[in-house]
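For this one, chain A is given, so just place chain B on it according to the hints.
Those protein sequences? They're chains A and B, same order as listed. For the first sequence, this note's numbering assigns the number 1 to the initial residue and increments by one for each residue that follows. For the second sequence, this note's numbering assigns the number 1 to the initial residue and increments by one for each residue that follows.
Hints listed in this document are in silico derivations from the structure and should not be mistaken for laboratory results. In this text the structure is predicted, and so the values were computed from the model without any measurement. Among the hints, erroneous ones may be present.
Straight-line Cα separation of at most 20 Å, EDC-like style, residue types lysine to aspartate or glutamate; simulated pairs [what the hints assert, rightly or not]:
hint, chain 1, residue 1, chain 2, residue 2
1, B, 54, A, 38
2, B, 100, A, 30
3, B, 71, A, 73
4, A, 9, A, 73
5, B, 68, B, 15
6, B, 37, B, 58
7, B, 5, A, 72
8, B, 37, A, 38
9, B, 56, A, 96
10, B, 100, A, 72
11, B, 37, B, 1
12, B, 5, A, 38
13, B, 37, B, 24
14, A, 9, B, 15
15, B, 68, B, 55
16, B, 100, B, 15
17, B, 54, B, 84
18, B, 100, A, 56
19, B, 5, B, 55
20, B, 54, B, 24
21, B, 68, B, 84
22, B, 56, B, 31
23, A, 9, A, 56
24, B, 37, B, 15
25, B, 100, A, 38
Now the stretches of chain A that chain B is said to cover, found in silico as 3 or more residues with beta-carbon under 8 Å [claimed, not checked]:
hint, stretch
26, 14-20
27, 73-83
One side of the interface only, derived from the structure: several residues of chain B facing chain A at Cβ under 7 Å [said to hold, decoys possible]:
hint, residue
28, 40
29, 42
30, 44
31, 46
32, 67
33, 70
34, 99
35, 100
36, 103
37, 105
38, 106
Glycine included, each C-beta is placed from N, C-alpha and C at the ideal position.
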Amino acid sequence: NAGVTQTPKFQVLKTGQSMTLQCAQDMNHEYMSWYRQDPGMGLRLIHYSVGAGITDQGEVPNGYNVSRSTTEDFPLRLLSAAPSQTSVYFCASTPDQGLGEKLFFGSGTQLSVL
Amino acid sequence: DQQVKQNSPSLSVQEGRISILNCDYTNSMFDYFLWYKKYPAEGPTFLISISSIKDKNEDGRFTVFLNKSAKHLSLHIVPSQPGDSAVYFCAASSGGSNYKLTFGKGTLLTVNP
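If we strip away everything but chain B, and leave its shape as in the complex, we get:
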C-alpha cells in the first residue's frame, strides 16, 4: 500500500507561470516532508522541506504548503523556468529517521519556453 502518493505522473506549464505539484500521504506518523528534484542520469537533489509543525515553508521561487488535516502537501514554483523541467519526488519520514525516506512515484514537470 502506497503511503506517499503523487497522482499526477506529468505536468506541463508555460515559462513564467506557476507550477503546482501535489502529494498525499496516508501514514499519520510522518512528521517531516521533503521535495527532491531529479534530472535524467543524475541522483535526486534536495529542493525544500517542511516540518509537520509548520504549514508553509518558502525558499526563493519554491514554496511548500502542508495541510495536515487533509494529509496533503503541495509544491509551488513561481515563476517556472525551463531549467525547472525535471522529475519531482515527494518524500516523507517519521521520528527524525530521514535516512529512511518513503517516496512517491514522482511527477515529471515540463516547463515550455
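Just chain A, with the same shape it has in the complex:
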C-alpha cells in the first residue's frame, strides 16, 4: 500500500536552476496539495488541485508551478530556484472534501538551494 510517494527525498540545487518535485498517489484521491515546512513556520500551502486539470494557488505560490494531467500525479515545479525556497516539501492527498476527511501526506522532499 504505497499511499503518497514523493521523489526525490533529497535535492541540492544552485540558485537559478529549475527542477520538478514528483508526487504520486495510488488511492484514487481527487484532491491533492503541496505544502512547505520551514523551521518555526509550520506547514504552509503552496498549490492545490481539486481534480485532474484543475489547480489553484495557496498561501505561498510565488516561484512554483503545478499541473494535474492525471488523478495520480501532481508535480511541483521550481522555475528558478532561490535560497528562500530551501525547505522541506510535502505532498498530500484526500479522497473528497467534507467533514471527516483528512489529508494523507508523503514522506517529504528536503530541498537545499545554494
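Same frame as chain A, now just chain B:
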C-alpha cells in the same frame, strides 16, 4: 497574520502522566480541526479531529476538546508514552475544504521514561 497558533514550542512530560497540547485560532470560519503527529524525516500523520458542532472527541488515549467561544482547542494524551515523542501540529479548515488546511507552528512533545 497567523490564524492558527500553538504558543508552546515544546513540552516535556514524564511517562504515564498527562500531556496537554494547546491551540488557538482567530478565524471564525474554521469549522473542522485536526491534530497531526510528525516524526523526524517523515510526513505528518493524522491523529484525531473534531467538528465545530462538538466539544469533545475521544480516540483511545487521545482526546481533543474544543471551546468555540474561546477559539481554543487542546489535545490530551493519557497516559503519555515515550513513543508519543514527536512534533504535534494543530490544523484547521472551513467549508469542508480539508485539502486546504491551515497549520500552527507545532509543539515538540518529549515524553521521558
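Hint check results:
Restraint check for residue 54 of chain B and residue 38 of chain A: the C-alpha separation of about 32 Å exceeds 20 Å, so the hint is violated. As the CA atoms of residue 100 of chain B and residue 30 of chain A are separated by approximately 13 Å, the hinted pair is consistent with the 20 Å bound. Restraint check: the Cα-Cα separation between residue 71 of chain B and residue 73 of chain A comes to about 37 Å, which exceeds 20 Å; the hinted pair is violated. About 17 Å separates the Cα atoms of residue 9 of chain A and residue 73 of chain A, which keeps this hinted pair within 20 Å; it holds.
Distance hint between residue 68 of chain B and residue 15 of chain B is unfulfilled; the C-alpha atoms sit about 31 Å from each other, more than 20 Å. The hinted pair formed by residue 37 of chain B and residue 58 of chain B meets the criterion: a straight-line CA distance of about 16 Å does not exceed 20 Å. Taken as a hint, the residue 5 of chain B and residue 72 of chain A pair is broken in the structure, with Cα atoms around 33 Å apart against an allowance of 20 Å. With a CA separation close to 16 Å, the supplied pair residue 37 of chain B and residue 38 of chain A stays within the 20 Å bound.
Taking the CA atoms of residue 56 of chain B and residue 96 of chain A, the gap is near 24 Å; set against the 20 Å cutoff, the hint is violated. Only pairs whose Cα atoms come within 20 Å are accepted, and residue 100 of chain B paired with residue 72 of chain A is accepted, the gap being roughly 18 Å. Distance check on the hinted pair: residue 37 of chain B and residue 1 of chain B sit about 24 Å apart at the alpha-carbon level, beyond 20 Å; violated. Annotation: proposed proximity of residue 5 of chain B to residue 38 of chain A holds, straight-line Cα distance about 15 Å (limit 20 Å).
The suggested pairing of residue 37 of chain B with residue 24 of chain B holds, with an alpha-carbon distance near 17 Å, which does not exceed 20 Å. Between residue 9 of chain A and residue 15 of chain B the CA atoms are separated by roughly 33 Å; this puts the pair beyond 20 Å, and the hint is violated. With a C-alpha separation of about 8 Å, the suggested pairing of residue 68 of chain B with residue 55 of chain B holds against the 20 Å cut-off. Note on residue 100 of chain B and residue 15 of chain B: the hinted pairing is violated, with a Cα-Cα distance of about 35 Å set against a maximum of 20 Å.
Restraint check for residue 54 of chain B and residue 84 of chain B: not satisfied, since their Cα atoms lie roughly 25 Å apart, outside the 20 Å limit. For the hint pairing residue 100 of chain B with residue 56 of chain A, the CA-to-CA distance comes to about 11 Å; that is within 20 Å, so the pair holds. Between the alpha carbons of residue 5 of chain B and residue 55 of chain B the distance comes to roughly 19 Å, so the proposed pair stays at or under 20 Å and holds. Simply put, residue 54 of chain B and residue 24 of chain B have alpha-carbon atoms about 16 Å apart, close enough for the 20 Å limit, and the pair holds.
The hinted pair formed by residue 68 of chain B and residue 84 of chain B fails the criterion: a straight-line CA distance of about 27 Å is larger than 20 Å. Proposed proximity of residue 56 of chain B and residue 31 of chain B is supported: the alpha carbons are some 14 Å apart, at most 20 Å. Simply put, residue 9 of chain A and residue 56 of chain A have alpha-carbon atoms about 25 Å apart, too far for the 20 Å limit, and the pair is violated. For the proposed pair residue 37 of chain B and residue 15 of chain B, the alpha carbon gap of about 18 Å is at most 20 Å, so the pair holds.
This hinted pair checks out: residue 100 of chain B and residue 38 of chain A have alpha carbons roughly 18 Å apart, not beyond 20 Å. For the stretch 14-20 of chain A, the stated coverage by chain B is violated: 0 residues have a C-beta nearer than 8 Å to a C-beta of that chain, whereas at least 3 were required. Residues of the stretch 73-83 of chain A lying with their CB closer than 8 Å to a CB of chain B number 0, which falls below the three-residue condition for coverage. The criterion of a C-beta within 7 Å of any C-beta in chain A is not met by residue 40 of chain B, whose closest approach is roughly 10 Å, and the hint is violated.
With 7 Å as the threshold, the beta carbon of residue 42 of chain B comes within range of chain A, its nearest partner Cβ sitting at about 6 Å, so the hint holds. For residue 44 of chain B, the suggested interface contact is upheld, since its CB lies about 5 Å from the closest CB of chain A, less than 7 Å. For residue 46 of chain B, the suggested interface contact is upheld, since its CB lies about 4 Å from the closest CB of chain A, less than 7 Å. Hint status for residue 67 of chain B: violated, given a least beta-carbon distance of 19 Å to chain A, over 7 Å.
Given hint, residue 70 of chain B at the interface with chain A, is violated; its Cβ is 21 Å from that chain's nearest Cβ, farther than 7 Å. A distance limit of 7 Å between C-beta atoms decides the matter here; for residue 99 of chain B the minimum to chain A is near 4 Å, and the interface restraint holds. With its C-beta approaching chain A no nearer than about 6 Å, residue 100 of chain B sits inside the 7 Å limit, and its interface hint holds. Restraint check, residue 103 of chain B versus chain A: the minimum CB separation of about 4 Å is within 7 Å; hint holds.
The criterion of a C-beta within 7 Å of any C-beta in chain A is met by residue 105 of chain B, whose closest approach is roughly 4 Å, and the hint holds. With its C-beta approaching chain A no nearer than about 6 Å, residue 106 of chain B sits inside the 7 Å limit, and its interface hint holds.
In summary, the numbered hints that this structure violates are 1, 3, 5, 7, 9, 11, 14, 16, 17, 21, 23, 26, 27, 28, 32, 33.
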